[in-house]
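**Q** Sequence:
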Amino acid sequence: MNPMDLKRGIDKAVAAAVEELKALSVPCSDSKAIAQVGTISANSDETVGKLIAEAMDKVGKEGVITVEDGTGLQDELDVVEGMQFDRGYLSPYFINKPETGAVELESPFILLADKKISNIREMLPVLEAVAKAGKPLLIIAEDVEGEALATLVVNTMRGIVKVAAVKAPGFGDRRKAMLQDIATLTGGTVISEEIGMELEKATLEDLGQAKRVVINKDTTTIIDGVGEEAAIQGRVAQIRQQIEEATSDYDREKLQEARSENWQAALRLIKVGAATEVEMKEKKARVEECPAPRPVLR
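Note that this note's numbering has the sequence shown beginning at -1, numbered continuously upward.
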């Protein structure tokens, strides 16, 4: 048998099977159905299924659900301001949670730079200030490369300062706008040479802050930024108005995808409760491995 003919036959069979499954699928429109899907995804754990369904009910189909350790025996749900965008860590050496392959930063400073950073010298003042403050640092820039990235990795591995770097979402003018979105959420300032700001002169007052940041290889989630509520709501309203006033379907779609959906009206935290650390880790893993409800809603 010709291997290429076999491959083409398999590809056609897969495409036909997928189309048939789509035709047979039924959208989940209520909490009961979502709980059932969540239960199946969590190895038939009905408690986890109900927890996921409740979170999805509160956050909506475009929201983000994150999971963290609770402080008691009971599971808790909490709503915070948050944002998620499609950019992951620039180096796997930033990972500090090997069991999940993620970077988790508690109460970090957030440096926002509308430029490529390759020279570590221009970052030294702010790095020294962050190290003295004893807090971790998240760098969001057009790019971090070369000597700068290598030095950040070495500092992290030696425990001098806990740091992670990600590329800013978007491109061109859209990237500038999205950096400003993040600045509004976190109460920071975008360091941009276009408005006369130099990275070498950045201080702690220019940095944003958040309660928590979680980064994996594909996404960055900022949880509970310290930005002013009025400023955040004003920024969200501005984005929605831009979507309504967009003159082309393309611009409207890009605004919706790249900015409106990054701002989650409600970012839901599931705080997993348990009697022991072992039980908590096992239960938390079941919740984290339950991605099924989200695509079911779409």
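In short, the hints are calculated from the structure, not lab data. All residues carry an ideal CB built from backbone N, CA and C; glycine is no exception. One or more hints might be untrue.
In silico lysine-lysine, DSS-like type, Cα no more than 27 Å apart, as pairs [claimed, not checked]:
(1) LYS269 to LYS114
(2) LYS30 to LYS10
(3) LYS95 to LYS269
(4) LYS95 to LYS5
The following label-pair restraints were derived from C-beta to C-beta distances [what the hints assert, rightly or not]:
(5) SER116 to GLN240: 15 to 23 Å
(6) VAL152 to SER105: 28 to 36 Å
(7) MET155 to ALA15: 44 to 52 Å
(8) VAL152 to ALA14: 15 to 23 Å
**Q** Indicate, hint by hint, whether the structure satisfies it.
**A** Hints versus structure:
| no. | hint | result |
| --- | --- | --- |
| 1 | LYS269 to LYS114 | violated (37 Å) |
| 2 | LYS30 to LYS10 | violated (35 Å) |
| 3 | LYS95 to LYS269 | holds (17 Å) |
| 4 | LYS95 to LYS5 | violated (39 Å) |
| 5 | SER116 to GLN240: 15 to 23 Å | violated (33 Å) |
| 6 | VAL152 to SER105: 28 to 36 Å | violated (23 Å) |
| 7 | MET155 to ALA15: 44 to 52 Å | holds (46 Å) |
| 8 | VAL152 to ALA14: 15 to 23 Å | violated (52 Å) |
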